[in-house]
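Chains A and B, in that order, give the protein sequences. Residue numbers for the first sequence follow the working numbering, so the first one is 15 and each next one is one higher. Residue numbers for the second sequence follow the working numbering, so the first one is 15 and each next one is one higher.
Read the hints as simulated data drawn from the structure, not as lab findings. These numbers come from a predicted model, not from an experiment. Treat the hints with care, since some could be wrong.
Where chains are identical, the list cannot tell them apart; a pair therefore holds if satisfied intra-copy or between any two copies.
EDC-like mimics (lysine to aspartate or glutamate), calculated; alpha carbons at most 20 Å apart, straight line [claimed, not checked]:
id, residue 1, residue 2
1, K411, D362
2, K335, E125
3, K411, E24
4, K312, D399
5, K411, E225
6, K312, E257
7, K335, E105
8, K335, E83
What follows is each chain in one-letter form.
There are 2 protein chains.
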Amino acid sequence: MLDGLVTGAELDTRLERVRQAMREAELDALIVADPANIFYLSGYNAWSFYTPQILFVPLTGTPILAMREMDALGAHRTAIRYADDVLGYPERLVHRPDTHPMVWVAQVLRERGYATPGRVGFEGDAHFFAVRSYLALRDGAPEWTLVESRELVNWVRLVKSDFEIGEMRRAGRVASEAMRCAVELIEDGRPLNELAAGVMAAQARGVPEDEGGESVDGDYPAIVPMFLYGDGADTPHLTWTAERFVRGEAMSIELAGAHHRYHAPLARTVSLGAPSRDLDRLAGATVEGLNAALAELKPGNTPADVTAAWDAVLARYDLEKKSRLGYSIGIGFPPDWGERTVSIRADDTTVLQENMTFHVIAGMWMTGYGFEVSESVRVAPGGADVLTDAPRTLIIKETP
Amino acid sequence: MLDGLVTGAELDTRLERVRQAMREAELDALIVADPANIFYLSGYNAWSFYTPQILFVPLTGTPILAMREMDALGAHRTAIRYADDVLGYPERLVHRPDTHPMVWVAQVLRERGYATPGRVGFEGDAHFFAVRSYLALRDGAPEWTLVESRELVNWVRLVKSDFEIGEMRRAGRVASEAMRCAVELIEDGRPLNELAAGVMAAQARGVPEDEGGESVDGDYPAIVPMFLYGDGADTPHLTWTAERFVRGEAMSIELAGAHHRYHAPLARTVSLGAPSRDLDRLAGATVEGLNAALAELKPGNTPADVTAAWDAVLARYDLEKKSRLGYSIGIGFPPDWGERTVSIRADDTTVLQENMTFHVIAGMWMTGYGFEVSESVRVAPGGADVLTDAPRTLIIKETP
Chain A
15 MLDGLVTGAE
25 LDTRLERVRQ
35 AMREAELDAL
45 IVADPANIFY
55 LSGYNAWSFY
65 TPQILFVPLT
75 GTPILAMREM
85 DALGAHRTAI
95 RYADDVLGYP
105 ERLVHRPDTH
115 PMVWVAQVLR
125 ERGYATPGRV
135 GFEGDAHFFA
145 VRSYLALRDG
155 APEWTLVESR
165 ELVNWVRLVK
175 SDFEIGEMRR
185 AGRVASEAMR
195 CAVELIEDGR
205 PLNELAAGVM
215 AAQARGVPED
225 EGGESVDGDY
235 PAIVPMFLYG
245 DGADTPHLTW
255 TAERFVRGEA
265 MSIELAGAHH
275 RYHAPLARTV
285 SLGAPSRDLD
295 RLAGATVEGL
305 NAALAELKPG
315 NTPADVTAAW
325 DAVLARYDLE
335 KKSRLGYSIG
345 IGFPPDWGER
355 TVSIRADDTT
365 VLQENMTFHV
375 IAGMWMTGYG
385 FEVSESVRVA
395 PGGADVLTDA
405 PRTLIIKETP
Chain B
15 MLDGLVTGAE
25 LDTRLERVRQ
35 AMREAELDAL
45 IVADPANIFY
55 LSGYNAWSFY
65 TPQILFVPLT
75 GTPILAMREM
85 DALGAHRTAI
95 RYADDVLGYP
105 ERLVHRPDTH
115 PMVWVAQVLR
125 ERGYATPGRV
135 GFEGDAHFFA
145 VRSYLALRDG
155 APEWTLVESR
165 ELVNWVRLVK
175 SDFEIGEMRR
185 AGRVASEAMR
195 CAVELIEDGR
205 PLNELAAGVM
215 AAQARGVPED
225 EGGESVDGDY
235 PAIVPMFLYG
245 DGADTPHLTW
255 TAERFVRGEA
265 MSIELAGAHH
275 RYHAPLARTV
285 SLGAPSRDLD
295 RLAGATVEGL
305 NAALAELKPG
315 NTPADVTAAW
325 DAVLARYDLE
335 KKSRLGYSIG
345 IGFPPDWGER
355 TVSIRADDTT
365 VLQENMTFHV
375 IAGMWMTGYG
385 FEVSESVRVA
395 PGGADVLTDA
405 PRTLIIKETP
C-alpha cells in the first residue's frame, strides 16, 4: 500500500520485532507510554496524551491499551489493533491530588493476572510517563521489577519499512511546500505571527494535486514553526512574536511537513536584501559542510564518520559546532519530532543501515547572527537520499 | 500595563506566593518542570521543553534555571528573571542511554551547596519531568527527601492578577475570531485539513486592528484544532483527516485563542444544513444546562454547586454527563491548556473566588453524534464573565 493507513500485518511485524528486543533485554512485559510508540504499534492517534495512557505489552498474549474512559470509547476510530478491549479509567480519576489513574490501571492488570514476578520495562525518558504513573505502578504491582527500557521501541523504529519511507517522502513534499510558502511570504514589514499563519496553513493544507494526480494532505507537526530572527537569530527554539520583518535582516526558519504523523523537518535561512559578509561567509562554509556530511550518510558508516566529514570542512573555515549535527526521525508527536535514539555526533558509533532516516541540521548560532540549513534524508548506498526539495543555499530575497 | 510583557515586579510577587505555599507545605526547595510554571515565575518561553529543564526554587536566594546549553545561552531573550546565571548542561548529555542531563544538574546544585538535608518538592504529574529526571535527582542528592508537590505552583496560578485577566481577554478575542473563521470556512466538500489550515492561520494571525486601534497577535495554542465530525462526532480529542465535510453532517469544533501563552478555549457545533431532530434536541438541552451552570459560577459557590445546576437541567431531559464540566485555565504549553487543579464536577469543593478562570465545556458525546458548546470565563460576582464572543447555540449553516 503506497498511501493510506498502515496495514494490520505491518503492525503485527512491528510487535514481533519489539518482542524480540524484549526477549534480548530479558523483559517479561513492557509499559509503552510515548504516543509515537503507541501509534507505531497500534495505530492509535488522538490528542489524548495529556492524561495518562499506556500500551501494556506482555511477552505473549494481546497487548492492552489503557486510557481515560472518554478516549477509550473512541479508540477504535484510529487504533487498528488492540481496540476491542481498551481499559478506560473512570473520569473521576482525572487530575486529582489524592489518587491517580495508574493506581486503577495497576489494579485492573492485577485482576487480569499480570501482577506476577518478572522484569517489566518502562519508558523512563518518555514525556508522557509521569513520575506519579511510575510510582503508582511500582506500588500497585510490587511483584514487578521495574526496568528502564532505554527507548526499546524507539530503537525498533530506527530502520523504516517501505511503507514508512513512502510516508516520509510525502511528509517531505509537505515540508518543501511549506518552506516555499514561507519564503514567498517574507516581505518588508510583515509581522512574524502573520508569517507563522501562512506557514501553519501550508503545513495543514499539504500539497495540492500535481500533474500525476497525487496530492498529500498535511497533518499537524510535532513542533510549531520556529523563527530565529534579528537579535534572536543566535537562539534556537524561539517561537514567533509580533515583531515585523524588516529589509536588511535575515531569519532562520525551522519547520516540518507531517503526513499521518510521519515528519520531515526542514530548515533554511532567508535574507531580505543583501546579507552581511559574516552571514554570507558562514552560509558558504555551512552548506559545504552539510554537503560533505550528506555524502557520508551511507550504510556501514557511523554518525562519527559523518561528523568527521562535517568537522573537516568547518575546521578549514575556523569554525566549530558544539551541538549534534542531527538525529533520527520518523513518527512524531508534540513536543518532538526526533526519535531519541541515534544522534549525529562524534561519540555515536551506531552502524548506519539503509532506510534509517535522519534530520541533518547544520545550525550555526554565532553571537547576534546565525545560519541554519537542514535536510531530511534516508540512508542510501550512494549517500543521503534527500526527502525534501528546497535550494540548499542562503536564500536571498530582494524586495521590489 | 495593559498589554505587553509581564513586569518583573509581578514575577516577584508570584515567587513570594509560591514560597508562602512552600512554607505551608514545609518544603525547603521546589523543582519546577512544567513549562507553564517556569513561564509563570520567570517569563522564560521557548520550545525547549522536549529536553529536560527545571527551575530550582530554594526557599531563600535566587531561583536557578537549568537547561540544555544551547537554550541556556539564549534564555535572556525571554526570561525576565533568573537569566543571568543559567546552568547549561553540555550537549553531549542530550538523548543518551548511559547518562542523563539531570545527573549533571544534581552535581552542579551539590557544588553550589544545595544538596543538604531537607524536603524538596517535585512535580510528579508534570509532562516534562521524566522518571529518569526524578531518579537522577534522587540518586544525585540522597540528602534530599523528595516530596510530591501536588501541583503547588499550579494552585498558586489559580486566581489571576489584573494583568493576567487582560491577557485572557485578549486570548478570548483571538478565540472568537478563529471560531468565526472556522464557521465561515465550512462548506460542502471542503476537506477537514483545509479547514484546519484556515483555523490555525486565524489563531496565529489573531485579531486585526479594531475601531479603537487595538489589535491582538496570536500565539500558538497548546492543542491543535480538534474536529469531531461524522461518525467520529462521538469521540473527543480526534484531530483532523483529509475527509470532506458534506452537507447534512454536523461537526463540533474545539479550539483556543492564545496570546502571550494565555489561553481561552472555545467549542461550538456547526450543522451544514438542517440538523437531525436528535441533535437539535441535544443542543437545546445542553445550552440550557450550560447557561444554568454559568449563572452559578460566582465567588463563594463551589464546582459542586455549578455541577448541580447543570445536572438539574440535564435530568429534565433524561440526559447525564459522566465527565467533568470544565477545568481551570490560564497559561498553557503543549499538550494541555488546562491548569490541572480545579475541575468542575460534583466532588470538587474548592470555594470559587473572583478572577479564577475556567473553560466550562458542555461536551455531550452520544452514539454516532455529539454536541459541544463551551465558554472561557472569569468568576465574577454576578456569575460567569464570558471572555469569548460567539453565538451560544447550535450554529446552522445553510449551503447556497
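Do the hints match the structure? See the list:
1. K411 with D362: neither (38 Å within a copy, 57 Å between copies)
2. K335 with E125: Intra 54 Å, inter 28 Å, cutoff 20 Å: neither.
3. K411 with E24: So K411 and E24 fail the 20 Å test inside a copy (45 Å) and across (42 Å) alike.
4. K312 with D399: within (9 Å within a copy, 61 Å between copies)
5. K411 with E225: neither (28 Å within a copy, 35 Å between copies)
6. K312 with E257: Intra 42 Å, inter 39 Å, cutoff 20 Å: neither.
7. K335 with E105: Between copies only: 10 Å across chains, 49 Å inside a chain, cut-off 20 Å.
8. K335 with E83: Answer is between: at 13 Å across copies they meet the 20 Å cutoff, but 48 Å inside does not.
This entry does not satisfy hints 1, 2, 3, 5 and 6, going by the numbered hints stated previously.
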